[in-house]
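Novice: Since the structure of chain A is provided, determine the placement of chains B, C, D and E with the ligands on it from the hints.
Top line first, the protein sequences correspond to chains A, B, C, D and E. Remember, my numbering sits 8 above the position in the first sequence when you count from 1. Remember, my numbering sits 451 above the position in the second sequence when you count from 1. Remember, my numbering sits 451 above the position in the third sequence when you count from 1. Remember, my numbering sits 247 above the position in the fourth sequence when you count from 1. Remember, my numbering sits 247 above the position in the fifth sequence when you count from 1.
In case anyone wonders, no lab produced these hints; they're calculated from the structure. Any given hint could be a false lead.
[What the hints assert, rightly or not] Facing chain A, from chain B, some residues (calculated, C-beta under 8 Å):
{"hint": "1", "residue": "L490"}
{"hint": "2", "residue": "S503"}
{"hint": "3", "residue": "G504"}
{"hint": "4", "residue": "N507"}
{"hint": "5", "residue": "I589"}
{"hint": "6", "residue": "L590"}
{"hint": "7", "residue": "E596"}
{"hint": "8", "residue": "M640"}
{"hint": "9", "residue": "L673"}
{"hint": "10", "residue": "I686"}
{"hint": "11", "residue": "A687"}
[Claimed, not checked] Cut-off 27 Å, straight-line C-alpha distance, at most; resulting in silico cross-link-like pairs (DSS-like, lysine-lysine):
{"hint": "12", "chain 1": "A", "residue 1": "K267", "chain 2": "A", "residue 2": "K138"}
{"hint": "13", "chain 1": "A", "residue 1": "K290", "chain 2": "A", "residue 2": "K224"}
{"hint": "14", "chain 1": "D", "residue 1": "K513", "chain 2": "E", "residue 2": "K512"}
{"hint": "15", "chain 1": "A", "residue 1": "K290", "chain 2": "A", "residue 2": "K267"}
{"hint": "16", "chain 1": "C", "residue 1": "K621", "chain 2": "E", "residue 2": "K362"}
{"hint": "17", "chain 1": "E", "residue 1": "K396", "chain 2": "E", "residue 2": "K362"}
{"hint": "18", "chain 1": "D", "residue 1": "K362", "chain 2": "B", "residue 2": "K621"}
{"hint": "19", "chain 1": "E", "residue 1": "K362", "chain 2": "B", "residue 2": "K621"}
{"hint": "20", "chain 1": "C", "residue 1": "K621", "chain 2": "B", "residue 2": "K621"}
{"hint": "21", "chain 1": "D", "residue 1": "K513", "chain 2": "E", "residue 2": "K362"}
{"hint": "22", "chain 1": "D", "residue 1": "K456", "chain 2": "D", "residue 2": "K377"}
{"hint": "23", "chain 1": "E", "residue 1": "K377", "chain 2": "E", "residue 2": "K362"}
{"hint": "24", "chain 1": "D", "residue 1": "K362", "chain 2": "C", "residue 2": "K621"}
{"hint": "25", "chain 1": "D", "residue 1": "K456", "chain 2": "D", "residue 2": "K380"}
{"hint": "26", "chain 1": "D", "residue 1": "K512", "chain 2": "E", "residue 2": "K512"}
{"hint": "27", "chain 1": "A", "residue 1": "K37", "chain 2": "A", "residue 2": "K298"}
{"hint": "28", "chain 1": "A", "residue 1": "K241", "chain 2": "A", "residue 2": "K173"}
{"hint": "29", "chain 1": "A", "residue 1": "K267", "chain 2": "A", "residue 2": "K299"}
{"hint": "30", "chain 1": "D", "residue 1": "K512", "chain 2": "E", "residue 2": "K513"}
{"hint": "31", "chain 1": "D", "residue 1": "K513", "chain 2": "D", "residue 2": "K493"}
It should be emphasised that the depicted structure is a prediction, and the values quoted were computed from it without experimental measurement. Note that beta-carbon positions come from the ideal geometry of N, C-alpha and C, so glycine has one too.
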Amino acid sequence: ELLKARLAQNLGPISGLAIVAKSKGIFEKNGLDVTVANFTSGKQCLDTVIGGGADIATTAEAPVTAAAMAGQPIAFVAGMEYSDLKTVVTAKAAIKTRADLRDKRIGFTAGTGSEVYTATLLKSAGLTAKDVTLVNLRPQEMLPALAAGSIDAIDTWEPHIANAKKALGEAVAELDTSGTYSETFNIVVMRPYLDANPALIEKFIAALIDAEVWMKAHPDDAITVVADAVGMKRDELAPIWTDYVYRVRLDDRLVEILKTHSAWRLESGNHPPGAVMPDFSKVVVSEPLKKMAPERVTLSWK
Amino acid sequence: MQDGTSAPQRIAVRSSGRNRRPDSARLRRLNILVGALSLPLFVGLWELASRSGAVNMVLFPPPTVVAAAVLEWIRSGQFLVDLTASLYRVTTGFMVGGALGILFGILTGQFPVMSSLLSPLFHILRPIPPIAFVPIVILWFGLSEAGKLFLVVWGVFFTVWLSTHIGVQKVDRGLIRAALMLGTPRRQMLQEIVLLGALPYIVVGLRTAVSISFYTLVAAELAGTFAGIVYRIEIAQQNMQTGQVMGGLAALGLISFIADRLFAVLAERTVWWR
Amino acid sequence: MQDGTSAPQRIAVRSSGRNRRPDSARLRRLNILVGALSLPLFVGLWELASRSGAVNMVLFPPPTVVAAAVLEWIRSGQFLVDLTASLYRVTTGFMVGGALGILFGILTGQFPVMSSLLSPLFHILRPIPPIAFVPIVILWFGLSEAGKLFLVVWGVFFTVWLSTHIGVQKVDRGLIRAALMLGTPRRQMLQEIVLLGALPYIVVGLRTAVSISFYTLVAAELAGTFAGIVYRIEIAQQNMQTGQVMGGLAALGLISFIADRLFAVLAERTVWWR
Amino acid sequence: MSGSRSIVKLALASSPASVDSARKQPAIQVSNLSIVFDTHRGQTVAVDRVSFDVAPGEFVCVVGPSGCGKSTVLNTIAGLEVPYEGDILVEGSPVGGPRPDVGMVFQQPHLFPWKSVRRNIAHGPRMHRKSRKEANAIADDLIAMIGLKRFADAYPNTLSGGMQQRVAIARALANQPRVLLMDEPFGALDAQTRAVMQDNLLELRDRIKATIVFVTHDIDEAILLADRVLIMSAGPGRILREVAVKLPRPRSSTIMVEPSYLSLKKDCLDVIRAEGARAFNQSDSN
Amino acid sequence: MSGSRSIVKLALASSPASVDSARKQPAIQVSNLSIVFDTHRGQTVAVDRVSFDVAPGEFVCVVGPSGCGKSTVLNTIAGLEVPYEGDILVEGSPVGGPRPDVGMVFQQPHLFPWKSVRRNIAHGPRMHRKSRKEANAIADDLIAMIGLKRFADAYPNTLSGGMQQRVAIARALANQPRVLLMDEPFGALDAQTRAVMQDNLLELRDRIKATIVFVTHDIDEAILLADRVLIMSAGPGRILREVAVKLPRPRSSTIMVEPSYLSLKKDCLDVIRAEGARAFNQSDSN
Ligand SMILES: Nc1ncnc2c1ncn2[C@@H]1O[C@H](COP(=O)(O)OP(=O)(O)OP(=O)(O)O)[C@@H](O)[C@H]1O
Ligand SMILES: Nc1ncnc2c1ncn2[C@@H]1O[C@H](COP(=O)(O)OP(=O)(O)OP(=O)(O)O)[C@@H](O)[C@H]1O
Ligand SMILES: [Mg+2]
Ligand SMILES: [Mg+2]
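Same shape as in the complex, but just chain A (with noise of 0.2 Å):
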């Protein structure tokens, strides 16, 4: 008797390790027979489960933050995924180091990481946001806004950086900002529902492991099977596969990563009504990992 879940999931090759884990029947295997919603934003996916309209959400640090902040009981059960955020630049603009940043419009997407991405990167450079023009973009609205000139740089996530250097070519270039910041890419579910399910939930976690194993054997079956699904030509994906590291884990960075961008929230202003830092530890919940593989939890704290 397979166990029902429904996971909202949002149709990313950042979503690798469950699209795998569907099409492979991994999760079969595990003993679960899970229902897949697809959505465009990892928000609307912890939205959705906040809601109930689902059980099992994949999603960027942001949503998360938001959520523990406005006090809902999620608890983050495991990271599946990260890439760093990454910079295009138009050539016209002449940017080669983050300092030629200064007075230049930049293209982010509010209340994503690309957001703290950006603060972290002109941090980086000595600059303050009074020093640049932020302009708030849909990654799939900065290329055209790059090609009309509106912009000078853009700061985003892959596919969308490969997507800009091919669209533009020549007039593009990336700048080098590797190791300034990777966005995450999590599971997360309600607390209540997790105490109601603890098996169901260590039995995702163990398919997401079966996943990742399968993927790390067969690299060049994984990229077409997640090309397909999320609608993307293989040798467009092939390119930048490296970029997302897939291993699911629950280190410090990752609350390193939580914390960072929840102070971020803070000190911006760009959090719920009556906000304060969030107690991590209660978020964070690590027992089903510990359960399935005690060796890919390694968080000092506990």
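Specialist: Showing chains B, C, D and E with the ligands alone in chain A's frame:
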């Protein structure tokens, strides 16, 4: 009732009539020609604009590229699935929203108390873009198809309600008086006089609502879907597959065009006394 | 022309008239009462539903929480900025789109050749949701205010065009014939007879377009904006500031409500002969 | 002057109908009726303290200059014009709105454009819960009466003005109302058709015993049809004269040459002519 | 039978006007005009091979049973009913559409609801590039003529039926058209107002020398006004008789008792009566 694109004045034509306006036949042929050329002309201009190099061809692909993308989409079999899903949502939502809109429009248009009670509320809710309350709809309906329908119904309902409401008040008072003097009871008054008298306005509302239903599809297919034209557009947009994006938009246009045409024909039949 | 919420039949009332329908004054008072209670009732129900615990209070905050958020929003001074930005976009877009819609509606409604040329194109473009081609608009207009206006104009234009087009064909043929026999030249025919004859339909289109303009604001304020009610809603949604989200939606509703009311009054004055 | 006292009955014709009406309950009792319209130019007094009674089964014609308030009075009796001042009793009860036993033929045909001639006429019977078959039978009878058999299935917008008017009359008759208000019903008909319609109307009236108030601008028609003729003054409309017509029935058009007819007609015309001239001047001077 | 040959001229009245018209260019020349309407019930032949001429300055009245095609013929001459079969020449040139020198008073008033009485009447002159002041002066003259001075600023929906009709007449006259087509223009007027309007019309015609085709259902009116009366048959309309009226002008209503008048009227009525009976039966049998 005349359909959207026909000539403004209908003239009974007999083959033997010698004294039609001399140029009317020529004019009619010209119109058909112009009508047939309208879309090809537009597509041609688009191709030119796109290939001229003035804009980025990847971001603004020419019709040929779009056609290729659509063909690919159709060949994959996905198109049919998407089309069916979207069509189902639009038609069901349109019918439910339209029926409710007509019903409430007649109620508020005819009964002042109903109008006092509901009109302020409807006027306040009317402009709220469906996309802005997708989270609330998910909260209420979960990820069911009902929630998606609700979003389509939302947009259609208010459009049809408003024009029905106004239409009811524009019903020829002479006809109402005549019906009153013939002892028409209230119920029959609504269905025999008010509904038919307001029909031209209701049709305007319904035809406007055809496009509104496609607007709201964006909200409906944003969340928790697996198929649908707009859903596919959204995905293609994320992946910078602009050919498919444009193809999807063109598909929306064509579906609605056909729907509107069917609708106009239907409307013409409904207004049988013309 | 009667406004949306007034009683269906206007009756001249004189204080000395002894034989009004006996209950008409009481009915009128009842209506005013019901009208005044309509929104408070709705807000009350909302508060109850939200506090009942049946739904998540954070995702579906009660009016009191919303009010607090809006107050905070206003106090920060940001509200005025957002309001101004959105109002500017909506009113400008509405006026430009409305004017173009009326113009083209009269052209296609009156001249078959224009209709053959443009109607198919308009019918195909009409349902395309503005939000779906934001990238293309950015490509064309950059991140300028013009692009945002274009999106609002898009939605308003097609709505007004369609109802004007239909309205022009519904103009009383008797009046057109009378005007023809009086030697009215074509130009004057348009402005003196056709425009005024189609006015009731144009008003329906314009009033529908009021809410459409708010729909399209979502698209317009999605990209490259720094202020605006919908922009703020978007941000608040990201930040789980649901009180502000709802407050923003309520603000949209109220603005449009006021706009519609003003509009109804204006329409009533425009149809001066009634 | 008060409405009821201003009515001067012509000596030569003290109407038995109005004596009757003093004894029996009148079918229509109008006392001191005034109607004022609000317009953007201020108030227009359309009807000024009009009083008259109509006995059950009586046929009263109303004549008067264009714009004097004939239609307004009829609409008010029908219960369509509120508010009004004064009292109107129809069959003893005050008028507050349209009522099923009062029928009306409007000055404009006001046919339902979406119904064929037959269904326009059958509308009333249908509303009175007659079966479709019954209603159609009634309609077909009336269609034969108005001479439009060939057009039974035609829609109103394909009919000529006179044809529409005939349909409107038939539609009102289909309900067999106890009180029938007719506002220039034969205005758009040629002499021949009009004569046929007049005969039909009188015949039907005898059959259903209806009380009829009939507005016309044709004095001959008024005298030919009426038991009593009310002559109204130019707007604001008051009742100038009440002329009882005691000619024997049935009256054929041949009576138009008889002296009693001619003298009646002359009386009426004198009143009208004097008033007409005054009206034209008055409206010009004001 | 072919239209033009079927016209039987009454022996007693060989019209000098029609002799005139043979010499001069006729103002209106209708030959073999047929009009068929398409309806959902099939085709209705409204007018069947009608031919007649109208000489410049002539006043022709058209009478005929309700629904015989009078309005249709007028509309066609006005250039409003296309397509038609046959030939129509107005002042020598074929009719393809409305033309500025042809004026029309429709059977319905068709007033512009958004214009006051004054501006309705001033509309024509304004369209003919007269200044607002000039146009208003013309309008005010006509308003006085139709006795509506008090209502110059009223909107049509506040006018009675007869008042609206008078405005429609004034509106057509304001343009001083060379050819004036009038479709039962006095149908909704009381006898007195109608007489005043008749006088005004004749006076104006003498001044502007217009050619007039005038539809009426009142034989007295036709004989009083016309140089020639066309009597149409029941639909499909054909021209049954053409009666020249050679009574001296100006004709006052007192001529109605003169023998020449009465004999003319009797002739007309005989034709009409025979036809009317036929029409009623025909429409019933079909
Ligand atoms: N809806 C209205 N608003 C304002 N004034 C009106 C309205 N209806 C009628 N009147 C005025 O009331 C007066 C009487 O009008 P009514 O229609 O009763 O005249 P009538 O006697 O029927 O004339 P006719 O013989 O021309 O039909 C007129 O002066 C008219 O202008
Ligand atoms: N638009 C139309 N469509 C179809 N048939 C029509 C139309 N207009 C008129 N007819 C038909 O043409 C015939 C003549 O109509 P017309 O209006 O010319 O009559 P008329 O002589 O003016 O009658 P009346 O004296 O009643 O006004 C009628 O049988 C009528 O049914
Ligand atoms: Mg009247
Ligand atoms: Mg006619």
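Novice: Would you check whether L490(B) satisfies its interface hint, that is, whether its CB is within less than 8 Å of any CB in chain A?
Specialist: This interface hint is violated because 25 Å lies over the 8 Å limit.
Novice: Hold the hint about A687(B) up to the distance rule: shortest CB distance to chain A must be less than 8 Å.
Specialist: holds, 7 Å
Novice: Quick one, are K241(A) and K173(A) close enough, alpha carbons at most 27 Å?
Specialist: Holds. K241(A) to K173(A) sits at ~16 Å (cutoff 27 Å).
Novice: Checking one constraint from the list: CA of K267(A) to CA of K138(A), max 27 Å. Satisfied?
Specialist: It holds: about 24 Å lies between the C-alpha atoms, which stays within 27 Å.
Novice: Between K512(D) and K512(E), does the CA-CA distance stay at or below 27 Å?
Specialist: holds, 20 Å
Novice: Please verify that hint: E596(B), Cβ, nearest Cβ of chain A, below 8 Å or not.
Specialist: Hint on E596(B): violated, closest Cβ of chain A at ~12 Å, above 8 Å.
Novice: K512(D) and K513(E) were given as a pair; does the straight-line alpha-carbon distance stay at or below 27 Å?
Specialist: Given that 27 Å is the threshold and the Cα spacing comes to 21 Å, the pair holds.
Novice: Could you grab the alpha-carbon distance between K513(D) and K362(E) and see if it respects the 27 Å cut-off?
Specialist: violated, 40 Å
Novice: Is the interface hint satisfied for L673(B)? The criterion is a beta-carbon contact with chain A at less than 8 Å.
Specialist: At about 7 Å, which falls below the 8 Å cut-off, the nearest Cβ of chain A leaves the hint on L673(B) intact, so it holds.
Novice: Within 27 Å, alpha carbon to alpha carbon, are K621(C) and K362(E)?
Specialist: Holds, because 19 Å separates the two Cα atoms, which is no more than 27 Å.
Novice: Is the hinted pair K37(A) and K298(A) satisfied, with a Cα-Cα distance of at most 27 Å?
Specialist: holds, 20 Å
Novice: Given L590(B) as an interface hint, is its Cβ closer than 8 Å to any Cβ of chain A?
Specialist: holds, 4 Å
Violated hints for the displayed structure, listed by number in ascending order: 1, 2, 3, 7, 8, 13 and 21.
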